Amino acid sequence: MNITIDYFLILSAFMLGAGMYGFFTRRNTLAILISIELILNAADINFAAFNRLCQTGIEGYVFTLFSIAISAAETAIAIAVMINIYRMLKNNYVDELDTLKW
Amino acid sequence: MNSESIVFIVLAVLIALFSVLSVTTKRIIRAATYLLFVLFGTAGLYFLMGYTFLGAVQIMVYAGGIVVLYIFAIMLTGKTGDAKQHSLSLAKKGAALVAALVGAGLLMFVIISHQFVSKSLSAEVTNEAAAPIGEIGSSLLSAGEGGNLLPFEAVSVLLLACIIGGLIIARKR
Amino acid sequence: MNFLSLFVLIPLLMLLGLWLAKGVKAVRGVMVVGSSLLLVLAVYLTVDFIAQRAGGNTAEMLYQASFTWFEPLNISYRVGVDGISVSMLLLSAVIVFTGTFVSWKLSPNLKDYFLWFTLLSMGVFGFFISIDMFMMFMFYEIALIPMYLLIGVWGTGHKEYSAMKLTLMLMGGSAFLMLGIFGIFYDAGGNTMNILDIANHTGGASPIEFGRQCIWFPLTFVGFGVLGALFPFHTWSPDGHASAPTAVSMLHAGVLMKLGGYGCFRIAIFLLPEAANELNWIFLILTGISVVYGAMSACVQTDLKYINAYSSVSHCGLVLFGILMLTTTSTTGAVLQMLSHGLMTALFFALIGMIYGRTHTRDVTLMKGLMQIMPFLGVCFVLAGLANLGLPGLSGFVAEMSIFVGSFQNADTFHRVLTIMSTCSIVVAAVYILRMVGRMLYGVCTDEHHLHLTDATWEERLAVICLIVCIAGIGCFPSWISNLISDSVAPIIESVKQVGPIVSSCNPFM
Amino acid sequence: MTYTLFIILLPLISFLVLGIAGKWFSHKTAGWIGTLALAGVTALSYYAAYEYFFVIGRGADGAFAPLEVMNFCWLPFFDQGLHFDMGIMLDPISVMMLIVISTVSFMVHIYSFGYMKGEKGFQRYFAFLSLFTMSMLGLVVATNIFQMYLFWELVGVSSYLLIGFYYTSPAAIAASKKAFIVTRFADLFFLIGILIYGFYTGSFAFVFDTPEHIANYAQAGFILPLALTLMFIGGAGKSAMFPLHIWLPDAMEGPTPVSALIHAATMVVAGVFQVARLFPLWVTYAQDWMPIIVWVGVFTAFYAAAVACAQTDIKRVLAFSTISQIAFMMVALGVCTEMQTGHEHVGSVGYMASMFHLFTHAMFKACLFLGAGCIIHAVHSNEMNAMGGLRKYMPLTHITFLISCLAISGIPFFSGFSSKDEIITACMAYSPAVGYIMTGIAAMTAFYMFRLYYGIFWGTENKELHAAHHPHETKVMTWPLIILSLITVGVGIYTTLAGFGMFEGYSFGSFISADGQDYRIHFDTSVALTSTIVAIVAIGVATWIFKGERQPIADKLYATFPRLHRWAHKRFYMDEVWQFVTHRIIFACVSKPIAWFDRHVVDGFFNFLAWGTHATSNGIKTLQSGRVQQYALVYLIGTIVLILMLLIF
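Protein chains in written order, with this note's numbering: chain A, 152 to 253; chain B, 524 to 696; chain C, -15 to 494; chain D, 110 to 758.
If you're looking for bench data, these hints aren't it; they were derived computationally from the structure.
Treat the numbers as computed from the prediction; the structure is a model and nothing was measured.
One should not assume that every hint holds.
Lysine-lysine pairs mimicking DSS-like chemistry, simulated, CA-CA at most 30 Å apart [claimed, not checked]:
# : chain 1 : residue 1 : chain 2 : residue 2
1 : D       : K730      : C       : K143
2 : B       : K615      : A       : K241
3 : C       : K143      : D       : K701
4 : C       : K352      : D       : K730
Build out the structure end to end from the sequences listed, making use of the hints.
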């Protein structure tokens, strides 16, 4: 059994699916963020795998690095926001964040 | 069936399993923990591809940094768990599940039906020092052909902004 | 620097001055200086225009100036005036001048009020001096928007509702209008926005195909007609006027509604002559309805402002009616009617505002015997009423007679019947005016709150007398202004008449 | 003769001065300004008449030619060469009208000094009088139909203002409103007539004999008579012809001198004057339509006379008598069948008779009204039962009133005799039926006038009231009465003698006739005798019934025909009919539904649009739930669908 790029892609597609499911069903914002991390990781795997198995350069590699950096930044900000929201609303549920709605 | 394949399968099963657990568990602290396992698995995949530095970064930044951040955040926001999760109607959940499955399925179908030209995972791939750190470093800081200075700087500015933004947002008034 | 641009520049400077002004006195000072300057300028323009015409200058538009503004769409800042716009500018200047004095003691936020007021007048002046379709449209929009705030903030009664209704309906109209303008622009070759070029097929403009004209004509006519209180689109007017503060009602009924009539003539009729010939019957019916219907509705109203608003519907209907009759006399009469209606409605609204400011009611059934208590306002009110019902010697008579005589020159039954129908409005006008005057001013005052009301103050007297002098001036010596207007109307009507024998082939009544 | 311009300018100036600055003048000053202006106008008018008739005199063809003193374009119209001119045209009838108007107006001004003494708004009153005089003079000297219309409207407005002079009285307000609206309604037809006339003849001017005009008239066909008839409706409104007469009795709510000036002598004859002015057209082109004038006139004359017999308010009696007398003038115009005025040519006598009656009627009716004013001033009431036996208290008023009553009844040697006689002669020539009817109406006139006379000066004396008010006369008010009655008697004697062939060439007909030629008045003996006898009989009957202290016959008559009396007293319910038409039909069935339609249907449609927009956006706003997860789900589904489409197609 030769592990070609397809296997990686299928794995990442599965992760993406799981992430999406989580994103749709979770109500806690932190949990949603966790789902997003799953999706991002799936993308990262694709970057690395494509770069390793289909290419010779290092672009995918570098962009995986960037992606990790960006997701770190995003997480930091998102968590700051959520803590702030929590301070105001005493909970973290997306469907109750409707102060600015309509 | 070489050893790399076996390792890949183990890792893949691990990742898949914990991904699912991470999005289905009711307690959020567990979800964070399962995410940690997924991240480790991903790092394993990088090692398997010979991207040792990347794997190390993955473990340091993700497992070491982000997940810790999550756990702190979870603890700070007090009420753990997603207690009201069940109040989400079954229909909505089903719709989400179907959509996710169909989406992922469609993606897989596309992937399978497309003939990728690729190497296969082998010892040679695993052991070859595919991307030397020096090369990566000079690529990040060079502005010429194949250089990534601009995105690098952009990311650094972004990180700076995040630091400031995080401080401002999280500051007590 | 073209001197017409002063009409836009002075309001701009006034805006600046108002912004810098501290205190009520400074604000009033800026307004008085600015509006007097505008008035002087308008009078000077009129005199100079007449002198130039007398000196043999027969150009279609005088004092033209142009400066390219946006190359890709050929939009220019292009100004010029003919007799019609000169008279409209004069009217606007008079109304702005008197409006300043009428709002002398308005509160709160006199400064902000005057800021919007000045912006509105800038739009109006800009509209009348532009000869570029796009500029015209832009100034039109500038004039509309402040209305919303002026009514919404300083109004009375259901002001939010009225302001919203007025703005939305007029905006709806301007949506049609914009379609029409761009339609005309592209169908005329897309090379120029200049009205004169499009009309004369010069400057790269090609004649617009008949079939296309028939699309753009209703759009532009309805677009402007909404503002001119065309029959089914007039309902913003009673509510809007009832809620608006006095000077805004004046400016709105006095000048802004004239934008409608002026625009209908300048764009719909002038640029689309074949369609005007072909389709005017539809709009003639609508305006004919307006004329009678407005007057009839006014008969049973009890709110002073509603009475006047419906009477405006009737009179503005007559404006559009005169324009659509497409004879020189009737169109001249229509422009005269715009002037006359502008002045007398402004006078009416000013007086209603003053009376309302004292009695705090506009319901005619609640007032009685005011003539004894405020003789000056009472007499002026009667005069305004008489002007409204077309008393000779006041401006309304001149305008109405021109319209009727002109309309009657169309020698077919359809036009005849409509003309005779619209003449009936002068009787109905007498009914509602006398009814209102009789109830409100005559008799013995029985309401003890009204017994101690004061008569007009000096600034109110100034505004009212100024308007009455203008009304009587036009009414007693109409020929100069009539000649001034017809001078510019005649060539346009000639060219419309010339375009061919397609006279309402689709009119089922002919 | 440019000075004739001042005939119009003087009262205009007086109006402006009094109207604008009046409140700073004392009553006396204001009165003097108005009166002096009028004195000037009167002098100028008489001089103009002298100059027109005697200095300029007859043209080569022996006729008085119209003289256009000035004419300028006031408002240009730009189609068909039409223009709205203003100017002064003198011809026999306008000169006569100048004299009538200025004389009566001058008398009324003097009289008003006494009558209006101490009234609040004295200055305003004189300002309005000046305005009225100006407009009326402008009307009669008009050079074209449109100028006439303009001043026509102005007299309407001054009448409105003067009727409503006592603006605190509800009856006066209602009356002024009614007068204005009814006449305005009639003016609408006048205006339409003018429009038609202007279009088909290409001119508004009172010049009918140029070749192009004649060509245009010939082309117009039935349109020209139609236009003339429409204009006649306008005239009928102003001159209070049935059924547009309803405003005139109510107009008596105004001050009495105003009734004398406007509603008896001058403004109400504007309709007659208008028909006379357009008479060449009527006779030449609308001969077939003239019975309209005749029969409207005959019916109005009869109707008004019948109503006058049952009124108790003395001013209303006079008002109905005015209506009836104006109808006489209308009939006289209507029965005139040609312009040529050969010697004893009866076909054209009506025109002259009408103008003659207009002249004499103005004098004696003004005198009657002013006399009535004195009486009302003295007893503070309009009702006949408040009077009775006043001859002892007010001798001068009594005499002048009697003279005027005799004049209106058509007794020889009083002015009404000659003119009424000419009218009846003309009617006889037209159709004996009309002649006899008119004779009968003349008898009714004599009857109700003497009923009035006896009711006021004889009959039952209301002693308590008289004791309370001490009826007396004021000098300034009696002078005009004396002058007017002297005119009545003087003109009466002069014209009666002229009728028997004296003063050849200087009788009324010499100056005013249909074609301007010298027309010799000669009595038709049979007509003159008949009408005199009939008048005397009617007066005798009135004396028999009403002279005594008690009036058993009258009471018996009322008891015998209660319904007839009530109907006549209520003016045959014409006002109620109009009230019904305007309020129940026009207001309730047209205006109210239109207002409702506007508020609910038209406005409702736009409110519905607004509501619809609001409802729609409310409906679709749930799509924008603000839930990121939902958006993502929709996004995903969209992506899936797109990909599927890509794959399938």
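Kindly indicate which numbered hints from before are broken by the structure, ordering the numbers from low to high.
Hint 4 contradicted; others consistent.
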